[in-house]
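Asker: Produce the entire structure from the sequences given, and follow the hints as far as they go.
Order-wise, the sequence lines are chains A and B.
Number 60 in the numbering used here belongs to position 60 of the first sequence; there are no gaps in the numbering.
Number 36 in the numbering used here belongs to position 36 of the second sequence; there are no gaps in the numbering.
Derived from the structure by calculation, the hints contain no laboratory data.
Beta carbons: idealized from backbone N, C-alpha and C, even for Gly.
Any given hint might turn out to be false.
Derived DSS-like pairs (lysine-lysine); straight-line CA-CA distance at most 27 Å [said to hold, decoys possible]:
| # | chain 1 | residue 1 | chain 2 | residue 2 |
| --- | --- | --- | --- | --- |
| 1 | B | Lys-61 | A | Lys-267 |
| 2 | B | Lys-15 | A | Lys-267 |
| 3 | B | Lys-15 | B | Lys-61 |
Counterexamples of contact, computed for chain A against chain B with all Cβ distances above 10 Å [unchecked claim]:
| # | residue |
| --- | --- |
| 4 | Arg-146 |
| 5 | Val-155 |
| 6 | Leu-201 |
| 7 | Arg-263 |
| 8 | Ile-270 |
| 9 | Glu-312 |
On the chain B side, residues computed to face chain A include the following (Cβ under 7 Å) [to be verified]:
| # | residue |
| --- | --- |
| 10 | Asp-11 |
| 11 | His-13 |
| 12 | Asn-41 |
| 13 | Leu-44 |
| 14 | Ala-45 |
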Amino acid sequence: MSAQATVAEAPVLERADQAARVAAAHADEVDAAARFPAESIAALAQARLLGVSAPIELGGEGLPLAALVGIAAVLGAACASTAMIFAMHHGQVLSLTRHLGGSPALARLASRIAREQLLLASATTEAGIGGDVRSSTCHVECQGDRVRLKKNAPVISYGEHADLVLVTARRDADAAPGDQVLLACDRADLDLEPTGGWDTLGLRGTASRGYLLSAETDADRILPVPYDEISTHTMLPASHILWAGAWLGMARSAVDTARRYVRDAAKRSIGTQPAGATALVGLVSQLEALELSVADAARDFDAHREDPAALEAVGFRVRMNTLKVTASEAVARIAAEALRITGIAGFRNDGPYSVARVFRDAQGAALMVHNDRITAQTAQLLLVQKGTEPKERA
Amino acid sequence: MTDDTIRRVLDAHGKLRVPASGLDADADLYAAGMSSHASVNVMLALEDAFEVEFPDELLTKQTFCTIAAISAAIGTLAAVPA
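Answerer: This is the structure in structure tokens:
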């Protein structure tokens, strides 16, 4: 009890460092085996980092996104899969805890997250809807105070390792595809029948397998707020910002490796500028731009988090979409240029200058919720935006 | 011993106007002709010679101002291995 209090009182980045050390120690093996990073997630729980985004009245620490992206970045530099799980998890924690709609049952559930250090996953995509998370074919079926749901989910990241899964579905059998609700399911109330594996180019530890999901639980596990609102106010902006935080950490590690490579080359030929030295300048400035854009987006969300009108504003939504696209492109570009600087040493899977893993992991950023889809949605939003308002500084 | 190695590094990379062996431990190296450009090479060579890394907070003009200052800085790094 007192040990837990000590952990929770330590500065949050120190706790992130502790977890990151564990994540770094297992990252290569997690990647090679394409397995869930169980040790790193246990370390996150040990450092009391799974409940930090929940509000204080629910036992969490009410950390702003600005602090959460700092943790995601520290983890991202150690193990991209761990950082993405952290980011996805807190996107779900915020989606639940910010939209309880006054439900005592959901408040009880949410208060377990920090206390028991629960891991949350999401099942938002569905087979046959072409990747559009804002539309469902499956629907919840209420019978008395119970609810049933069957969903063919092509991807549930770390689904079988999660304690709670938030699932989207149509409100009822007659509801339109976009009339969705969010159902919070305990792992014990779920049957997950795997439909595929997860053997990928990168982010191999996120264990993002497909499942036939069957749930039966209490009807009061349906969030009373429409999913449309949850998505706009929380899940989309928070997820994009948190993912970008993880990518920032990956970019930092790529730049650090390139920097180390150039410095070590400089030591071997003191007085002569080594080959990658000028390329490193461009890399550092790209990283700086990414740092600023992620921090700025997080501050923007934090400043407006209790202001529905601001969160629904076209300009804000455009910004949250473009952040995802530009940050994901930046991390892939930074990793590619780090590879160019480090050359064959970076190309290797082993050795002190390898950027192979981060290069592969970085390719996933643009594809998880495909940038082309987000850009198409942003283009649609721009059709209704009348002009660019100068952004108020937080 | 440490100071001898520092003097050797300074002779090789410091672009001093005089041999480092003729300098007191507290003589101003910048006054002796070391440019800030040369001090970067001195730092790289010191890191190599002593197998240490100067953290960012030690990368100030003062750290490389005299042989005594360099020696003190390396002393703190050796005491707390990275």
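Asker: Is the Cα-Cα distance between Lys-15(B) and Lys-61(B) 27 Å or less?
Answerer: Roughly 16 Å between the alpha carbons, so the hint for Lys-15(B) and Lys-61(B) holds.
Asker: Does the claim that Ile-270(A) lies outside the interface with chain B hold up, using a Cβ gap greater than 10 Å?
Answerer: At about 5 Å from chain B, Ile-270(A) fails to clear the 10 Å cut-off, so the statement is violated.
Asker: Take a quick look at Glu-312(A) and tell me if its Cβ sits farther than 10 Å from every Cβ on chain B, holds or violated.
Answerer: holds, 43 Å
Asker: Regarding the pair Lys-61(B) and Lys-267(A), is the alpha-carbon distance no greater than 27 Å?
Answerer: holds, 20 Å
Asker: Compute the least Cβ-Cβ separation between Arg-146(A) and chain B, then decide whether it is above 10 Å.
Answerer: holds, 59 Å
Asker: Take the C-alpha atoms of Lys-15(B) and Lys-267(A), compute the straight-line distance between them, and say whether it is at most 27 Å.
Answerer: Cα-Cα ~17 Å, so holds.
Asker: Quick check for students: does the CB of Leu-201(A) sit more than 10 Å from each CB in chain B?
Answerer: Non-interface label stands for Leu-201(A): nearest chain B Cβ at 34 Å, farther than 10 Å.
Asker: Just checking, Val-155(A) versus chain B, shortest CB gap more than 10 Å?
Answerer: holds, 41 Å
Asker: Taking the minimum C-beta separation from Arg-263(A) to chain B, is that value above 10 Å?
Answerer: Not fine: 7 Å to the nearest Cβ puts Arg-263(A) too close to chain B.
Asker: May I ask you to test the interface hint for Asp-11(B) with respect to chain A, counting a Cβ-Cβ separation under 7 Å as satisfied?
Answerer: violated, 13 Å
Asker: Let me know if the C-beta of His-13(B) comes in closer than 7 Å to any C-beta of chain A, holds or violated.
Answerer: holds, 6 Å
Asker: Any CB of chain A closer than 7 Å to the CB of Leu-44(B)?
Answerer: Hint holds; Leu-44(B) Cβ to chain A Cβ min 5 Å, cut 7 Å.
Figure legend: structure checked against the earlier numbered hints; hints not met, in rising order: 7, 8 and 10.
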